[in-house]
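Peer 1: Sequence order for the protein chains is C and S.
Each residue of the first sequence is one higher than the one before, counting from 1323 in my numbering.
Each residue of the second sequence is one higher than the one before, counting from -9 in my numbering.
No lab work stands behind these hints: they were computed from the structure.
Among the clues, some could well be false.
[Claimed, not checked] Listed next, the in silico BS3-like pairs over lysine-lysine satisfying Cα-Cα at most 30 Å (straight line):
id, chain 1, residue 1, chain 2, residue 2
1, S, 176, S, 315
2, C, 1522, S, 430
3, C, 1365, C, 1631
4, S, 50, S, 266
5, S, 443, S, 430
6, C, 1404, C, 1375
7, S, 46, S, 315
8, C, 1666, S, 301
9, S, 50, C, 1662
10, S, 371, C, 1662
11, S, 176, C, 1664
12, C, 1713, C, 1662
13, C, 1582, C, 1382
14, C, 1472, C, 1365
Small disclaimer: the values here were computed from a predicted structure and weren't measured.
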Amino acid sequence: MIPEACIPITGNADQSEKHDTKRNSILHASRGRKPKMETIKDKVAIIGMGCCKFGENWDKGADDMIIDAAYEAYEDAGIDRKDIQAAWVGTTMSGHGGVTLAAPLKLDRIPITHVENFCATGMETLRSASFAVACGAYDIVLCVGFEKLKDTGLAGLPAGYMHPVLGINVTAPGRWAMGATRYFHVYGLSPNEGRETLAKISVKNHYNGARHPKAHLRREVTIEQVLNAPLIAWPLGLFDCCGNTDGAAAAIITRAELAKNFRDDYVLIKGIGLAIGPGLGKEDADYDYVHLPETEFAAQQAYQQAGIKNPRKELDILELHDCFTISELMTLEAIGICPKGKAKEDIDAGTFTLHGELPVNADGGLKSFGHPVGASGLRECYEIYKQMQGKAELPERQLKKEVRLGLSHNQGGHPGSLLPIITILGRKE
Amino acid sequence: MAGIVSYGAYIPVYRLSRAEIARAWGRRAAPGEKAVANYDEDSATMAVEAVIDCLKGIDKQTVDALYFASTTSPYREKQTASLVALAADLRRQIVTADFTNSLRSGTIALRAAVDAVNSGSAKRVTVTASDCRLGIPQSPYEQDFGDGAAALLLGNEDVICEIESAYSHTDEIIDIWRLETDQFIKAWEDRFVIAEGYVRNMKEAVSNIMKKQGLSAKDITKAVFYAPDERRHAEMARELGFDLKTQVQNPMFDRLGNTGCAFAMMMLIAALESSKPGDRILFANYGDGCDAFVLRVTPEIENMRNRRGVKVHLASKMPLLNYEKYLRFRQIIPVEAQAREAANAFPPVAWREREQLISFHGSKCKRCGKIFHPMQRVCIKCGAKDEWEGVPLSHRKGILYTYCIDYLALSGDPPTVVSKVHLDGEIGVYCLMTDRDIDKVRIGMPVEMTFRKMHDSGGMHTYYWKCRPIREA
């Protein structure tokens, strides 16, 4: 006998007629409403993290990078591989199945889940694992995100499965450039003004990345260099685009009440938002190409869980998914840090520089630290985690201010079809 | 008696000056320029344009057959007429046929169409001729040949031009040919080709049809006849006794070039564009024999003035600035491509989605009325499931909502202008822009849709629609 509550709500109406009363009351209660969910706030703690050297790692395979990241996390958490009860692994194109993690790390007979959510895959490992830990299924869980891009010889990301007609001539920079063109038009920026605004984001992120020993592109650039770089997808040039990078990052998480057994300066998950839409901005004439509605919604979810009312005032550090400079700019507006169309003012004022009012991508972001697709979400968390612990590698990188609350934004897709995950991390009170 | 009910033509936007070709080879240039198909065009796409132009304002349901003529069909085995019919949105229960291999294919198809209408087996037949021939680099043919397409609708009601008489003869001669594996035209010694091929046959056909109809040169308002080049055209006019200045349709060698099996029909359309009711036209075409027709223009011609035809397409042009780009367009030289994965070619997808990909229909929600492309089973706006009908979109004009100029995307002519277009102000279409000058691409610019080849991956051709700046004179 199947409990009535387990009858799938999408089941055949005729067959489930006898359960109608109960089923309808369940449906009635949930239809059109937000899920009635307890907040994830303060239920899960990060107790260890690792990140391998990002870059064109010609001498390292995916397994090498996974080992580097995972063992750094073990050591950081003070645990052994045998302590791990379950694992989540994220990669978009460098491996399949849980064994892709178990083989290099010799994990033995534990549940391992391979997740993929486009370029938000790294953060998806943390998101999925967090709910498993929060519900009490496991105490110690390993998350690893990785990607080995540089073995393909391709420029940009491999396209994977493509529709033979609708899917071709599609590049990630092209998709974001269409947002930039429209953004400039709507907010009255001339192409030069617009490109210069974006160039400042690139200059900032390169400045930050140049100071991180694990970053891919460790070199400062000038506005002139950015503006004069070869075009990739106008209005975006080479320095508006993130690096094509190899890398891996890892996190060890546990239930919050167990965290103190491992360390004092653990970092708590305060909120996680993920909002995916039908992704039909390309087809829908109503989509305006300047708003990122999925990101707006994901941020609201995360803020609500974390109890954040004024993100600009309350957040101390932001790690934004700057696959392209225009993405960082539009995201600043979508998550409520800048008013719509006004990000330029803060960018010009230096608000988001390393020691500015609200540092964004203090480690260099995807732009300079690099973007091994499946690893980036965890790499962002790695930076916030280290800054909160006061353990940025070099003193000049350590933020001067108290870092209590940070936002990490990892996304897949492009304007019109976004897949954003926003995670709020905080120090214990 | 069957006659011409409508006409349409297509000339690609690019023109290559013959001086630029001559520059590459240190040769003497023939005068003027030639029309060059863009990298994403071929005989099939040009035929679609001509057929759509021809059928403007005409109920497509009334067309009973489509004949496609070309010496450069995209496939050696596989019909092109079926593709043209689908892209032009003709109905399924029609006769389609390809007429190929002869420079005379266009008029052979025309003759077959006339016979079909006269026999009563079809009420209306569309004939299209389209060619994109290659002369071997450095040869005079390379300078002479241009690309283009023509279309005629034949029927026996509302005719703009009656066909008073038709004449054909066949002739076996190896003058110009290509073997299965040849990319370029081959030809025997010019003096033989002209004297025993073109001149002998053309004179024989014209004199026979004139004799049959009891006509002499002075009875002809306009003589329209094929010739391989400008000099031979003028010589033939003299031989046939026509006054070159007043009685002969200009062959447009200096603006169009010899468009192969479409050439004579394009000249005929140019003649019809400036004809008056009552004009008598002699129309003759050469290739493995000759076809000749005597035509009489009717008052209905006045209803045909909204075609782009030859005139508008000739006036709407863009220079192809260098010969090297021409070599690239025609894939005559290998070029380093962007380091990107080649596109997929999946015939089942192209077949399954033919209504939206080839006929370019969108889905119109029967509940809320919104139109989407690609077609949506579940409405984006109101969520209605499977309550939609296909509606044609290819004729709708739009504006460019946003775009990028992508240098990374794999293309036969980078950069790629990726476009979000709003058709009729409310139907969103995400597509590529072709025939564009990248310095002139702007948000808000008016665009229209055009049928193009997307790629040649997998040893087959994949077609779809792109947007382009509106072609106007």
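Peer 1: None of the hints should be skipped; say for each whether it holds.
Peer 2: Status of each hint after checking the structure:
no., hint, result
1, S/176 x S/315, "holds (23 Å)"
2, C/1522 x S/430, "holds (27 Å)"
3, C/1365 x C/1631, "holds (20 Å)"
4, S/50 x S/266, "holds (27 Å)"
5, S/443 x S/430, "holds (23 Å)"
6, C/1404 x C/1375, "holds (25 Å)"
7, S/46 x S/315, "violated (33 Å)"
8, C/1666 x S/301, "violated (50 Å)"
9, S/50 x C/1662, "violated (49 Å)"
10, S/371 x C/1662, "holds (25 Å)"
11, S/176 x C/1664, "violated (65 Å)"
12, C/1713 x C/1662, "violated (35 Å)"
13, C/1582 x C/1382, "violated (35 Å)"
14, C/1472 x C/1365, "violated (38 Å)"
Of the numbered hints stated above, those contradicted by the structure are hints 7, 8, 9, 11, 12, 13, 14, listed in ascending order.
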